[in-house]
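Per the numbering used here: the sequence shown = residues 635 to 814.
Hints are computed from structural coordinates only; laboratory data are not their basis. Source: prediction; values computed, not measured. A virtual CB, placed ideally from N, CA and C, is assigned to each residue, including glycine. Any given hint could turn out to be false.
[What the hints assert, rightly or not] Cut-off 16 angstroms, straight-line C-alpha distance, at most; resulting in silico cross-link-like pairs (EDC-like, lysine to aspartate or glutamate): (1) 742 x 725; (2) 742 x 718; (3) 771 x 760; (4) 742 x 767; (5) 667 x 790; (6) 667 x 760; (7) 742 x 776; (8) 779 x 767.
[As the list claims (entries may be wrong)] Just the calculated beta-carbon pair ranges, DEER-fashion: (9) 654 x 708: 18 to 26 angstroms; (10) 662 x 722: 17 to 25 angstroms; (11) 722 x 661: 39 to 47 angstroms; (12) 662 x 740: 40 to 48 angstroms; (13) 743 x 790: 27 to 35 angstroms; (14) 762 x 675: 18 to 26 angstroms; (15) 722 x 678: 33 to 41 angstroms; (16) 743 x 677: 37 to 45 angstroms; (17) 708 x 638: 20 to 28 angstroms.
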Amino acid sequence: LNVPKAWALPLSNEVSTLHFAARLEGLITPLAKLDGIAEWRDNGGILEITGIQVRYGPLQLDGNGTFALDGNLQPIGALTMRIEGFMQTLDILAQQRVIGMGQATAIKLMLAALTGRSHGDAGHLEVPLTIQDGHLKLQSMDLMKIPEIDWQRVFERELTGDSRLFIAPGKSAIGFNSGG
635 LNVPKAWALP
645 LSNEVSTLHF
655 AARLEGLITP
665 LAKLDGIAEW
675 RDNGGILEIT
685 GIQVRYGPLQ
695 LDGNGTFALD
705 GNLQPIGALT
715 MRIEGFMQTL
725 DILAQQRVIG
735 MGQATAIKLM
745 LAALTGRSHG
755 DAGHLEVPLT
765 IQDGHLKLQS
775 MDLMKIPEID
785 WQRVFERELT
795 GDSRLFIAPG
805 KSAIGFNSGG
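Assemble the whole structure, with the sequences as input and the hints as a guide.
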């Protein structure tokens, strides 16, 4: 899977493997409007991921979990993941300034302690990951801020037919560009 260069993903523009199996639960109403998303959430809407496998740069992820939307229609969830290539990924994220160098070092030390390996050893790790309040956490450690979904822009995409993903400059928001 090659993603547009405009997405400026930190590890590369190629996701070599993406397998995803999930079950959508809750009363499904027309989701073409913002009210439909909120109604789905309010009626017990969850996304149960029964299997996910990702190979992206040095990172390899395998796992499952459950997601929903919070009161602000932002994702919350919990995953159990088997992770490989995390040390190399942290180096790249720090080089690309997605996370700070100090934060990368702290995460590496914690991961080394969890795996019982030195910080240079590749190894693998099986961990709980959570997304809540706009943050991705490994156990109780805050890994990174998750960009906010701008649902207005997602629905504007439906009107314009433009499906380009964007992160708004100067803001932490993900949505779809509605033009140019």
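Structure-based check of each hint:
no.: 1; hint: 742 x 725; verdict: holds, 9 angstroms
no.: 2; hint: 742 x 718; verdict: holds, 13 angstroms
no.: 3; hint: 771 x 760; verdict: holds, 14 angstroms
no.: 4; hint: 742 x 767; verdict: violated, 23 angstroms
no.: 5; hint: 667 x 790; verdict: holds, 10 angstroms
no.: 6; hint: 667 x 760; verdict: violated, 38 angstroms
no.: 7; hint: 742 x 776; verdict: holds, 13 angstroms
no.: 8; hint: 779 x 767; verdict: holds, 9 angstroms
no.: 9; hint: 654 x 708: 18 to 26 angstroms; verdict: holds, 20 angstroms
no.: 10; hint: 662 x 722: 17 to 25 angstroms; verdict: violated, 40 angstroms
no.: 11; hint: 722 x 661: 39 to 47 angstroms; verdict: holds, 43 angstroms
no.: 12; hint: 662 x 740: 40 to 48 angstroms; verdict: holds, 42 angstroms
no.: 13; hint: 743 x 790: 27 to 35 angstroms; verdict: violated, 43 angstroms
no.: 14; hint: 762 x 675: 18 to 26 angstroms; verdict: holds, 23 angstroms
no.: 15; hint: 722 x 678: 33 to 41 angstroms; verdict: holds, 40 angstroms
no.: 16; hint: 743 x 677: 37 to 45 angstroms; verdict: holds, 43 angstroms
no.: 17; hint: 708 x 638: 20 to 28 angstroms; verdict: holds, 24 angstroms
Hint violations for this structure: numbers 4, 6, 10 and 13, all remaining hints satisfied.
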